[in-house]
Amino acid sequence: MNKAVLVLGATSPIARAAAYELAAKGHSLFLAGRDETELHRLTQDCRIRFNVDVKSGCFDADSCKGHDLFIQYVVKQMGGLEGVVAAFGYHGNKERAIKDFDEAEKILLRNFVGACSLLTACANVLETQGHGFVVGISSIAADRGRQSDYVFGAAKAGLTIFLQGLRNRLFHAGVHVLTVKLGPVDTAATFGEEGLLWLSPPVKVGKKIISALNGGKNEVYLPWQWRISASLLRRLPEWIFKRLKL
Amino acid sequence: MKTARLPLTGRGHYPLSQCLACRPERDRDLILEGDEVIARGSGTSYGDASLNTERHVVLMNRLDRFLSFDPKTGIVHAEAGITLEEITSTFIPRGWCPTVLPLVSQATLGGCVAGDVHGLNHRWTGSFGQQVRQLELLIADGRRIVTSTESNPELFWATVGGLGLTGIITSVAFQLMPVASAYVCVNQRATPDLCVSLELLANASLNNPYAVAWIDCLASGKEFGRGVVTSAHHANESDLPLGTDSHLSLQRKERGSSLLLFGRLSPSWMAKIANKGYYALKAKKESFSLLPFDGFFFPSPPRFLFSKKKRRIRYQCALPSSQSEQGLKAIFKELQASNHPPSHALVQPLGGEGQGLLSFALEGYALDLEIPLVQLEMLNVLDRLDDLVTSLGGRVALLNDCRLRKDAFRSMYPRFSQWSTIKTKIDPQTRFSSDLSRRLIPNVIQNDTFGRVA
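Chains W and X supply the protein sequences, listed in that same order.
To get the working numbering, take the position in the first sequence, counting from 1, and add 395.
To get the working numbering, take the position in the second sequence, counting from 1, and add 531.
Keep in mind the hints are simulated off the structure, nothing from the lab.
Glycine residues also receive a C-beta, built at the ideal position from the N, C-alpha and C atoms.
There could be a bad hint or two in this list.
[What the hints assert, rightly or not] Covered stretches of chain W, going by a simulated chain X footprint (3 or more residues, C-beta under 8 Å):
1) 430-436
2) 440-452
3) 577-586
[Stated by the list, open to error] Below, computed lysine to aspartate or glutamate pairings styled on EDC-like, alpha-carbon distance capped at 20 Å:
4) W:K471 with W:E522
5) W:K602 with X:D595
6) W:K599 with X:E617
7) W:K420 with X:E617
8) W:K599 with X:E616
9) W:K599 with X:D595
10) X:K533 with W:E589
11) X:K533 with W:E588
12) X:K533 with W:D581
[Unchecked claim] Cβ-Cβ distance ranges computed for the label pairs, FRET-style:
13) X:I804 with W:E589: 42 to 48 Å
14) W:N613 with X:G565: 46 to 52 Å
15) X:S682 with W:E588: 41 to 47 Å
16) W:A584 with X:K803: 48 to 54 Å
Just chain X, same shape as in the assembly (with noise of 0.2 Å):
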């Protein structure tokens, strides 16, 4: 196989590294090369857990093929490299979805494995390890293994949000869920401060599965913490206009109105005029409306908001339900302090601990930003927040990371010296390694003599 020198990065074009890169085109192409190799997909989380800084990263993108589906249980099989909107185009017109999807459309199977992503439906289906049901893995010695949680469950659960270190997942087989449409009910209310939209969202998620609640983090004073809670799930026959035919034929082209904007508007007056209309329009009225599949989960902003050029950090954490609402206001506090503040905010409900050893979900509440980089002093601000967090028993999330300090991690997840056991026996050079890997754990790693662009 071709090994290329490439510079890759994530969704947030920061960090960027120098790797050697090579991209199997079958199967049988993919064999291990080199003393320090990672996995990638399709490099849309935001953090270096697919980089490795002057090492090898293989390219899984083309290993991308249906291997079977049992239409009886739902369950289907897949390379690793395929992605969300390839399996959602195949089985939304035949009444299946995966259970629990990620607003990302090109995220690749074994990257959803990997990173055990959630949902907006985290309370009511758990993360995306759970809907696992087996998974091939290529281990250091060359071997490939089948892992699920009858055969071998410390490995799959070391693999499962273990971000590539145990091995490159080659297939994975998970459960889908039947859906009556290709279309979503999507309910909106407006609430006027964090405590508000807190209880909503909490109710939210009690009558639906998917809730998730937009947090305006400009707004001070009697404002502070006011959003939007939408609420969603999967629309029934009954829930369409009459005569809808072809009700499950997706509309791949057409994308409806973007909910969850990540917001990209600068200088920070623009974003606090855009906050201010965007709940004044949802404020006039709860709405209710019908949207195509596309348009809630795999909503597009426009073109002209994704510059190449502006650096974001995604910080993703979760906190314990009894701590939600004091560590949320303590960290919009925070961050409104800071030069370059967020525009907005996503919190979700989570259901319970998730079983993967690294995994981020915890029963509580998770705060998902998206932060620009304009000035190097806003990682010392998220430090910070990481100390608060700790402080309160919640955790940042591994797959978006990209400078959560190695003793922050150490509190955070607790299950990490288990992991570490495994990852020992499974991989005794450490030949998975990548740069999240050296920044986290770089006592169980070899030397990082190189260094990273920044």
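The shape of chain W in the complex, shown without the other chains (with noise of 0.2 Å):
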């Protein structure tokens, strides 16, 4: 059985992290993402600690009619297709996004429709060959329209219902989807920020992904803490949600 992964978004290192656990347990891994310099030199350590095949690619998320020729590509390229891994995103500036829609436009279309189609595209192939996973990087953003983060979150809630429906209709064809839920990770765009909440490293979180994917698990809150505060948040009423400052 070819148990090729695709890696969309690669260069995260969420997403890097993730491909190493799964290249850790024999996975062939086809890289993606936008920079090319950086894809080479993951792709290079890769080979190196594990001992697998690797190979990477350029895509673009934002033009969708390119979108099932890639898909195509990595599938002749690898040799089959076993899974993907959609970590890709553009979080953008919250508080330009909330004002100029031009900004709200590049968030909403490459978090939600670029990943939408991407994963149409994937899903495809998968359906047709009976078995095979699908992990989508959602975020706690989705949980709830907040006003600091709504446009993120909208996109996010979007691609969480996609991966939701793709998960029911995938079931049937014995793909099984994974919505992972992050939390701020420790990241570049955390680095030095006060005031985050169970801040996770990297390593810690693909490790978790994985994981979650060997467990079986439909939906999963990386940190788990989050699932915690999730759930007080959705049962707030919105009279008094909406009166609040999150």
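Assembling the complex is the task here: the two chains are given apart, and the hints tell you how they should meet.
Here it is, written out as structure tokens:
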């Protein structure tokens, strides 16, 4: 059985950690992203560490028309496809996004439309073969529209529902879909920021994603504490929530 | 790149400095910011070599990719932030091991080169710098240059052991050595006094690459300098019990007994009992054991001994062969006379002087002490030890140092003026500086107007 996994957004530290966990288990990898130099470095690193077949290539999340061709190219390169990890995204500038729709459009297109387009192309391949997995990276921002980050939250919320539908559709084809709801992770974006709760290093998050996948989970909050916080937040009545400044 | 003001410290939690830290995630993010900057690996050294009070520190630990490996020659090329743990995890199962291994799994490749670290096999293999084939340096004007023993050797030997003061080491190509298994054959023998300890240590290092003596610093009278001499070599297939399969598989989670525990027990009566117990156990008979790789090289003492509130100083000095016994006797006596002596010391043989201009090793023996800093008065005791070491022609290691005086430093490192010439040429504006460089070579560095949190 071909064990190739496509990692979309492989240069992100979380995706890299998840990819390495998969490589350690013997999966061959196709690392996809925008930064060609970094992709090449990651490919070399992964090959040396895990002695697996690793290839890389660039893709553009925004140009949806090319996504089908890209997935076909990956399948041809790897001789098949066992799974896909969709870890690319664009958080953007929160303050600008709520005022300037150009920024909001970028966030919505890349995190939602682009992701759905690529996942559709992958799902079509996986459905025909009757086995495989999809991992979609969502966010705790998707749980409720908060005044500070609702554009990104909306994009991820849309993606979450899309993944839910995909899970429903692909279950009958023997393909598993995992939705990962990520809290803030210790990366360049959060470096030095104070007041962030439960900040996890990306290596730990990557390991937990793959162990949730192996455990057959449908949805996982990482770190786990966000599940409690999310369920409390969801239960808050709207007439209270709209008065908060979260 | 974002900069954050973070409190940084070493493994001894002394001193603590507020530094302006940035953390590049990938190689192309590594750009020099600020007028005064120093690189930092995992921060596993004890001193202030990677601290820069109110100035910039570049945290290198996310730059941890392997770039290439040649299985024919055993040369691996990797980014400087990679740790020894990652290197051994990747290569021991393939039958390769770093030639020089300091006993710190989280030490980074760049840190090993910058400190020109030595392992327990220094007499056989030399220091880490001697295994380096090439390194890439990000220098003060923002350019990257490649240097080796053939290409720009002056800069190479100023960078090896140069404590990051010539530039930021971005990647290193170094030599691995072949090993037959992920196990280590260890032999331990108790020795009744200092003379026998040193004699046995010298003999042990003739027959085994790894040799170290654990010396009980609290024993006095006839038992003064008693200890346990440990010698080891990588197990060959013939050393392994019959039927051992997967002899190269590295047992990362399972840590063996900690042979080379740093004494963290206090008060000293508890440490004395522990020392007595350990010695008595080893004195019963000579022991031969087969340990997994981590059990010997990366021992991990129980967590309760790692109290973050306890400050410790690491005192590492090298004494020439001819002065070793006399020097060690005087040092141990001085320590026993102090209020808070360390419970034990490690002594290992050293081969010749390293080629790094600020390298620590010289032909003789190294003494390694971890001293609890209960009272600052201990610093005066260490100043006296510095004078003693200087008078015997020895030197104190800089990588783990946090309190050496600049005049003592000048006497101990005669090749400093050569190093200083290269430093001035490669970094005329003194862009690379640290708390250590401002302490030891202030006339080369600008004024230190910021206090450091002690």
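Q. Are the Cα positions of K599 (chain W) and E616 (chain X) separated by 20 Å at most?
A. holds (16 Å)
Q.
For K533 (chain X) and D581 (chain W), compute the direct alpha-carbon distance and say whether it is at most 20 Å.
A. The given pair, whose Cα atoms are some 13 Å apart, holds under the 20 Å limit.
Q. Would you say the region 440-452 of chain W counts as covered by chain X, given the rule of at least 3 residues with C-beta under 8 Å?
A. Our answer is that it holds, as 3 residues pass the Cβ test (under 8 Å) against chain X, meeting three.
Q. Okay, I804 (chain X) versus E589 (chain W) on CB: inside 42 to 48 Å?
A. Since I804 (chain X) and E589 (chain W) have Cβ atoms about 45 Å apart, the given range 42 to 48 Å holds.
Q.
Next pair to validate is K471 (chain W) with E522 (chain W); report whether the Cα-Cα distance is within 20 Å.
A. holds (17 Å)
Q | Hint consistency between K533 (chain X) and E589 (chain W) [alpha-carbon to alpha-carbon, up to 20 Å] | A | holds (13 Å)
Q) Given as covered by chain X, does the region 577-586 of chain W meet the bar of three residues or more with CB within less than 8 Å? A) holds (count 3)
Q: Given the hint that K599 (chain W) pairs with E617 (chain X), test it: the Cα-Cα distance must not exceed 20 Å.
A: Roughly 15 Å between the alpha carbons, so the hint for K599 (chain W) and E617 (chain X) holds.
Q) Is the straight-line distance between the alpha-carbon of K533 (chain X) and that of E588 (chain W) 20 Å or less? A) holds (10 Å)
Q | Pair hint outcome, K420 (chain W) versus E617 (chain X) [Cα-Cα no greater than 20 Å] | A | holds (17 Å)
Q. Within the assertion that chain X covers the region 430-436 of chain W, do at least three residues meet a Cβ-to-Cβ distance smaller than 8 Å?
A. holds (count 4)
Q) Taken at face value, is the distance from the CA of D595 (chain X) to the CA of K599 (chain W) at most 20 Å? A) holds (16 Å)
The structure is consistent with each of the numbered hints, conforming to all of them.
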